[in-house]
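Here are the chains, one letter per residue:
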Amino acid sequence: MRILIVEDSTVLRDSLSQGLREAGHAVDSAADGRRGLLFAQTTDYDVIILDWMLPELSGIEVLEKIRAKGVASSVLMLTARDALDDRVHGLNTGADDYLVKPFALRELLARVTALSRRRHGAASPVLRAGPLAIDVVARTVRLDGEPIALAPRQFAILEYLALRMGRPVPRAELEEHLYDDRSQVFSNAVDSAVCALRATLEEAGCPTLIHTRRKVGYVLTEPETTPGSP
Amino acid sequence: MTIRARLTLMLFCTLAPVMVAAGLGLYLFVRTALHNRFDDGLATRVEALIADTEVYDGRVAFDFDDEAMPQYELRARDGHTTAFFELYELTDDHAMRIVERSRSLADRSIISGSAADVPHGPWDLTLRGGLDIRALARTFLMPRDPPGPGTPPPEHRLLIVVAAPREPVDNPLHALAVGLFLAGTLITVAGVLGVRWALRRGLAPIDHLAAAVGAVHAPTLGTPIDAGPLPAELAPIRDRLNDLLARLHAAFERERRFTTAAAHELRTPVAELRTLLEVSAARPRAPEETARTLASSLGIAERLDALVSALLRLARVESGRERADAECFDIWPLLRAALAEAHGTAAARRVRFSVQVPEPLLVMADAELLAPAVRNIVMNAAEYADEDSAVRITMEPPGNGAADVALHFSNISSGVRPEAMGRMGEPFWRQEAARSAPHLGLGLSLAGAAASAAGARLEIGAVPEGGAARVTVSLHFPARGAGA
Chain A
-18 MRILIVEDST VLRDSLSQGL REAGHAVDSA ADGRRGLLFA QTTDYDVIIL DWMLPELSGI
42 EVLEKIRAKG VASSVLMLTA RDALDDRVHG LNTGADDYLV KPFALRELLA RVTALSRRRH
102 GAASPVLRAG PLAIDVVART VRLDGEPIAL APRQFAILEY LALRMGRPVP RAELEEHLYD
162 DRSQVFSNAV DSAVCALRAT LEEAGCPTLI HTRRKVGYVL TEPETTPGSP
Chain B
218 MTIRARLTLM LFCTLAPVMV AAGLGLYLFV RTALHNRFDD GLATRVEALI ADTEVYDGRV
278 AFDFDDEAMP QYELRARDGH TTAFFELYEL TDDHAMRIVE RSRSLADRSI ISGSAADVPH
338 GPWDLTLRGG LDIRALARTF LMPRDPPGPG TPPPEHRLLI VVAAPREPVD NPLHALAVGL
398 FLAGTLITVA GVLGVRWALR RGLAPIDHLA AAVGAVHAPT LGTPIDAGPL PAELAPIRDR
458 LNDLLARLHA AFERERRFTT AAAHELRTPV AELRTLLEVS AARPRAPEET ARTLASSLGI
518 AERLDALVSA LLRLARVESG RERADAECFD IWPLLRAALA EAHGTAAARR VRFSVQVPEP
578 LLVMADAELL APAVRNIVMN AAEYADEDSA VRITMEPPGN GAADVALHFS NISSGVRPEA
638 MGRMGEPFWR QEAARSAPHL GLGLSLAGAA ASAAGARLEI GAVPEGGAAR VTVSLHFPAR
698 GAGA
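Keeping their order, the protein sequence lines are chains A and B. -18 is the number of the first residue of the first sequence in our numbering; add one for each residue after it. 218 is the number of the first residue of the second sequence in our numbering; add one for each residue after it.
Any given hint might turn out to be false.
DEER-style ranges, computed between Cβ atoms [stated by the list, open to error]: (1) E506(B) - V69(A): 38 to 48 Å; (2) E505(B) - G102(A): 39 to 49 Å; (3) D605(B) - R194(A): 33 to 43 Å; (4) E682(B) - E45(A): 20 to 30 Å; (5) E45(A) - H466(B): 30 to 40 Å; (6) H434(B) - L65(A): 16 to 26 Å; (7) G684(B) - L65(A): 48 to 58 Å.
Example chain B residues on the side facing chain A (calculated, C-beta under 7 Å, incomplete) [as the list claims (entries may be wrong)]: (8) V412; (9) R484; (10) T485; (11) A488; (12) R491; (13) T492; (14) L493; (15) E495; (16) S513; (17) L515; (18) E519.
Don't read these hints as lab results, they were simulated from the structure. All values reported here derive from a predicted model rather than from experimental measurement. Every residue gets a Cβ at the ideal spot worked out from N, C-alpha and C, and that includes glycine.
Please put together the full structure from these sequences, using the hints given.
Here is the structure:
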């Protein structure tokens, strides 16, 4: 998942970025509202974590502008304001969720995951793909009940494809959502990562679920509907 | 005791003696009138009896005629009131000899002593048998017949006593006393009840006002008391109460904003600290990474410490627990220290300080209390002045006279919105757009409180200038020698 953090506190911004990256997400960050607005308008983020009080443009102003531009990313407002009116105002402006400072990192991660899941219409935190059970909250994958150890990047690819089950995902999109601006992405990085994921799954005894669509990208399908060989 | 009870008692204590005195006066007036009339009747009888007295054959005789004087009979005939009389002849040795007495007396006597004991005017007595009467006596002379030769006195000295039952006087007086007592009691009871009713009606607006005041609670302080139409005496009280409530409401609102803002300011560093430590504790870290986390945590803890200290100091200053010790001193060392402290922030934002103040500049204030004010003002300017701009520090009036001195800190800030210019001195208030990470938030509010405690006065003004605002923070010092 690719996440944007717009937060003026350097310590909080860096800590959140680190925590989210270590949870397997690609994270970009901005220190003020104007830069955050620019990022939100140019990249398709799954979730935007937006502080209310920001230099240049306030969080509410950023939210109003990105919603006006049709940006569909889920927005989690992060603020020290806890008055009911503030919360209602934030939600009415287009925020999808609201978290009051100080907060527990686990809660923030859970809310971010829930927002992403809801955005793709998945009601359950456990995504099913044939014999695979992908728990996006616990960040675990089980094959017929047996756990499979995946690297964070591999889990992110599987989660992204599972949320778009049956829909081909272009390499560029996959790249945009898996790598943040800090990552040095080589031209075959996505292919290599998907290849490594396939190898790990097959090694665990999983049938082929990830298929390559020539000149398009990748698609995750159920075993029964496998459309021939790649 | 309620006002109602107190007024009722006071009215009763005033009215009761007046009524008793009036009743007593009326009683005495009627009694005197009745007695006079009764006594006139007795006197008439005396005159009549004297006229019926004669000397016959050397002896005093009384021409008693039952037909003419039926009231003196043993039993008064119908239509006549019983009366009594006695006729005595006084001798030379002051003894009395009965000459005649009315049959109505039977064996009783009006006069029981000597002639010297007989009063000169009418008097009351009770006949044997219990009959209350009123009597009148008179001494008179009758010529002897025939006058004797030699020394005997030429006249008989006689004493006539007439009496009549006091019933015609006592009965009306008794009825009058009973009537006055009943009327007095009735008037008193009716008066007390009427007064209580009138007071209840008259004082009802006080009850309404009390009920309206009783309904005031902390959340409704902003709602003026409305006790309906009030009399002219109470309307000023309601107005003063509403003024007081308005001031209380404003103070409560300030406190609420302060508390909300304080909580708000504390949340961010606490969130930073918590997230930093949670991320660090999520997995094993390299020693140098742990050291960086600890250093960052310490920095946040120091900021929290400074924030809490600033809060406590502001509370002490505003509650008057910090006393000012005004003295005349040069402000330059404070100014220099503040500029040095803000140098890093100002340099990072390319903010220049242009100081046009003579050195030394002597001002009258508490130097220790003034220091945080100057520090806050300078730091505030370094943080909120637009990048690549200048902060001008000037004084007024120019020179270094002994009059009131004002030190102005002026800078351009495009982050200040026009509607917020009037609220810049409130605790913790600041422009959202002008926020920067290491800011303490107390800023100009603490500066204002500290300056006030130090004996100076802080003023903040902002005027539009070129699409932004020119913010001027001024420190006013009293003339030297004016005291704190």
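Going through the hints against the structure:
1. E506(B) - V69(A): 38 to 48 Å: Distance hint for E506(B), V69(A) holds at roughly 41 Å.
2. E505(B) - G102(A): 39 to 49 Å: Given about 44 Å between the Cβ atoms, the range holds.
3. D605(B) - R194(A): 33 to 43 Å: This hint is violated: roughly 53 Å between Cβ atoms.
4. E682(B) - E45(A): 20 to 30 Å: holds (28 Å)
5. E45(A) - H466(B): 30 to 40 Å: holds (33 Å)
6. H434(B) - L65(A): 16 to 26 Å: Holds - the Cβ-Cβ distance for H434(B) and L65(A), about 20 Å, lies within 16 to 26 Å.
7. G684(B) - L65(A): 48 to 58 Å: Roughly 36 Å apart at Cβ, these two residues miss the hinted range, so it is violated.
8. V412: Violated: closest Cβ of chain A sits about 55 Å from V412(B), beyond 7 Å.
9. R484: holds (4 Å)
10. T485: The hint holds - T485(B) has a Cβ within 7 Å of chain A, the shortest such distance being about 5 Å.
11. A488: holds (4 Å)
12. R491: Check passed: Cβ of R491(B) comes within 5 Å of chain A, closer than 7 Å.
13. T492: Because about 4 Å separates T492(B) from the closest Cβ in chain A, which is inside the 7 Å limit, the hint holds.
14. L493: Status holds, d = 5 Å.
15. E495: holds (4 Å)
16. S513: Cβ of S513(B) sits 6 Å from chain A, so the hint holds.
17. L515: violated (12 Å)
18. E519: It is violated, given that the least Cβ distance between E519(B) and chain A is near 13 Å, above 7 Å.
In this structure, the earlier hints numbered 3, 7, 8, 17, 18 are contradicted, and the remaining ones agree with it.
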